[in-house]
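Peer 1: Each chain, written out:
Number of protein chains: 2
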Amino acid sequence: MRKVTYGAACSFDGYIARADGAVDWLHWSDDVLRLTSAYWDGIDTVLMGRKTYEMARALGSGAYPGVENFVFSRTLHEDPEPGMRLVRDDASQFVDRLKRQSGRGICVMGGGALARTLFEADLIDEVGANIHPVLLGGGVRLFQRLPREIRLELLQLERIAGGCVYVLYGVRGKGRSTT
Amino acid sequence: MRKVTYGAACSFDGYIARADGAVDWLHWSDDVLRLTSAYWDGIDTVLMGRKTYEMARALGSGAYPGVENFVFSRTLHEDPEPGMRLVRDDASQFVDRLKRQSGRGICVMGGGALARTLFEADLIDEVGANIHPVLLGGGVRLFQRLPREIRLELLQLERIAGGCVYVLYGVRGKGRSTT
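In order, the protein sequences belong to chains V and C.
Residue numbering for the first sequence follows this note's numbering, starting at 496 and increasing by one per position.
Residue numbering for the second sequence follows this note's numbering, starting at 496 and increasing by one per position.
In short, the hints are calculated from the structure, not lab data.
Among the hints, a few may not be true.
One copy or any two copies: either way a pair holds, since identical chains are not told apart in the list.
Said to hold, decoys possible - Pairs of lysine to aspartate or glutamate residues, derived as DMTMM-like cross-links and limited to a Cα-Cα distance of at most 25 Å, are as follows:
| # | residue 1 | residue 2 |
| --- | --- | --- |
| 1 | Lys594 | Asp584 |
| 2 | Lys669 | Asp617 |
| 3 | Lys669 | Asp519 |
| 4 | Lys594 | Asp515 |
| 5 | Lys669 | Glu563 |
| 6 | Lys594 | Asp519 |
| 7 | Lys498 | Asp539 |
| 8 | Lys669 | Asp515 |
| 9 | Lys498 | Asp617 |
| 10 | Lys669 | Asp536 |
| 11 | Lys669 | Glu573 |
| 12 | Lys498 | Glu621 |
| 13 | Lys594 | Asp536 |
| 14 | Lys546 | Glu653 |
| 15 | Lys546 | Glu648 |
| 16 | Lys669 | Asp574 |
| 17 | Lys498 | Asp515 |
| 18 | Lys498 | Asp519 |
| 19 | Lys594 | Asp525 |
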C-alpha cells in the first residue's frame with residue numbers, strides 16, 4: 496500500500512497561510528531544502544481540494560512538475576490546466592484505489608477539507624508540520640474540525656533553522672467522537 | 496518586571512480541552528511533573544478569564560493553592576470563592592500594574608480570550624505548550640484569532656514521555672495586521 500501523507504509548514508497557532516493565501520512568513524533554509532527534497536523523492540502523486548488549488552494557482556503555482564496532480568471538485572467540469580487532473584468521484588474511494596496501485600507515496604496538500612475526508616476514511620498514514628515561530632492570528636488552518644479524534648505517534652522531532660520545529664507523526668487510528 | 500506566561504498542554508491541532516472541558520486525553524509522566532514543578536516554582540500568581548474559571552470549577556478545580564488567583568469578568572459581582580479574587584477592571588491595565596509590582600512570574604490560564612487581550616497589549620512574555628500526539632478534532636482552542644500576528648523566538652524544545660513535545664517561545668513583538 497502506498498503511504499499517504501498530510502502536512503505543511505504552519506504557524507504555532509496552526510495556520511498554513513494568511514487569509515489571502517500568502518506565505519511570506521515562511522522561513523527558507525538548508526534544513527527545509529533537505530527535508531523537502533527527501534520528502535519529494537518519496538512521492539509521485541499530489542492531491543488537493545479545489546480551494547487549495549485555486550489559492551495555489553492565484554499565487555502562481557498550479558500543478559507540480561514531475562508528479563501526477565489531482566484536484567478534487569464537484570464544481571469544476573474539466574481538468575483546469577495541463578498536468579492537473581480533475582477528480583469528480585468520491586475522494587475516499589478514489590484515494591483508496593490509488594493507495595492499492597503500485598507507485599511511490601501520495602501527498603495531500605493542505606487546506607484541511609480534503610484531509611478531513613481522508614482522515615475520516617482512515618486513508619492518511621502520516622501527518623507532519625514545520626512549525627514556525629509566529630502566531631499568525633488568522634488565515635487558512637492546517638486542521639479543520641474532525642468528527643472523531645485521531646490518535647498519533649511521534650515519529651520524528653527536529654529543531655531546524657530559524658527557530659522552526661519539524662514534527663512527523665504516524666496515524667494510529669480513530670478515537671472517540673468529538674461531538 | 497515580572498514575567499507573564501501563557502500556555503497549556505494541547506493536541507497537535509491546537510485544542511486544550513474537549514468541547515465539554517474534559518482533559519482525559521492528557522498524558523502524565525515524570526517529564527510533565529518535572530516541567531510543571533519547575534514552572535510553578537517560578538510563579539506566584541494565576542490569571543484566568545471567566546469562561547476558563549467556570550470550566551475549571553465544573554471539573555472540580557477552582558483556585559490554585561499557594562498562589563494568588565484572579566478571575567477577570569464583568570458579569571460576576573463578587574469573588575466567586577475563597578482565594579479567587581474578581582477583577583472587573585480593564586484586564587490590560589490590571590496586568591500592566593501587576594507586572595510592575597514585585598513578585599514571581601504570572602501565569603495566564605488558557606482558553607485564549609484573556610490571552611488575546613494580553614497579547615494585543617504586549618503583556619505576555621513567553622508562550623509554551625506540551626503538544627500531545629492526538630488530533631482532538633474540536634474543543635477549546637489554545638489560541639483564538641488575533642488582530643495582529645505575534646513574532647516568537649524558540650527558547651526550548653524537548654521530546655518528552657508519551658510522544659509529547661514541549662516547546663517554549665519568547666514573545667518578540669507584534670507583526671502585521673491579520674485583516
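Peer 1: With reference to the structure, classify each hint as holding or not holding.
Peer 2: Okay, the hints, checked on the actual structure:
1. In the homo-oligomer, the alpha carbons of Lys594 and Asp584 lie at most 25 Å apart inside one protomer (15 Å), although the nearest pairing across protomers, at 58 Å, exceeds that limit.
2. When the C-alpha separation of Lys669 and Asp617 is checked against a cutoff of 25 Å, the pair qualifies only within one copy, where the shortest distance is 8 Å, while the shortest distance between copies is 39 Å.
3. In this homomeric assembly, Lys669 and Asp519 come within 25 Å of each other (Cα to Cα) only across copies, at 16 Å, whereas the closest approach inside a single copy is 34 Å.
4. For the homomeric pair Lys594 and Asp515, neither the shortest alpha-carbon distance inside one copy (33 Å) nor that between copies (37 Å) is at most 25 Å.
5. When the C-alpha separation of Lys669 and Glu563 is checked against a cutoff of 25 Å, the pair qualifies neither within a copy, at 29 Å, nor between copies, at 41 Å.
6. In this homomeric assembly, Lys594 and Asp519 never come within 25 Å of each other (Cα to Cα): the closest approach is 33 Å inside a single copy and 34 Å across copies.
7. Taking the closest pair of Cα atoms, Lys498 and Asp539 come within 25 Å of each other only inside a single copy of the chain (11 Å); across copies the shortest separation is 49 Å, beyond that limit.
8. With identical chains, the CA atoms of Lys669 and Asp515 are at most 25 Å apart between copies only, with a shortest distance of 19 Å across copies and 32 Å within one.
9. For the homomeric pair Lys498 and Asp617, the shortest alpha-carbon distance inside one copy (12 Å) is at most 25 Å, but the shortest distance between copies (44 Å) is not.
10. Within a single copy, Lys669 and Asp536 get their C-alpha atoms no closer than 29 Å, and across copies no closer than 38 Å, so neither meets the 25 Å cut-off.
11. In this homomeric assembly, Lys669 and Glu573 never come within 25 Å of each other (Cα to Cα): the closest approach is 35 Å inside a single copy and 44 Å across copies.
12. Taking the closest pair of Cα atoms, Lys498 and Glu621 come within 25 Å of each other only inside a single copy of the chain (8 Å); across copies the shortest separation is 38 Å, beyond that limit.
13. With identical chains, the CA atoms of Lys594 and Asp536 are at most 25 Å apart within one copy only, with a shortest distance of 17 Å there and 51 Å across copies.
14. In this assembly of identical chains, Lys546 and Glu653 lie within 25 Å of each other by CA distance neither inside one copy nor across copies; the values are 31 Å within and 36 Å between.
15. Proximity of Lys546 to Glu648 under the C-alpha cut-off of 25 Å is found in neither arrangement, the shortest distances being 29 Å within a copy and 32 Å between copies.
16. Taking the shortest alpha-carbon separations for Lys669 and Asp574, neither the intra-copy value of 34 Å nor the inter-copy value of 42 Å comes in at or below 25 Å.
17. Taking the closest pair of Cα atoms, Lys498 and Asp515 never come within 25 Å of each other, the shortest separation being 31 Å inside a single copy and 35 Å across copies.
18. Taking identical chains as interchangeable, the C-alpha atoms of Lys498 and Asp519 are never at most 25 Å apart, the minima being 30 Å within one chain and 31 Å between chains.
19. Proximity of Lys594 to Asp525 under the C-alpha cut-off of 25 Å is found in neither arrangement, the shortest distances being 31 Å within a copy and 40 Å between copies.
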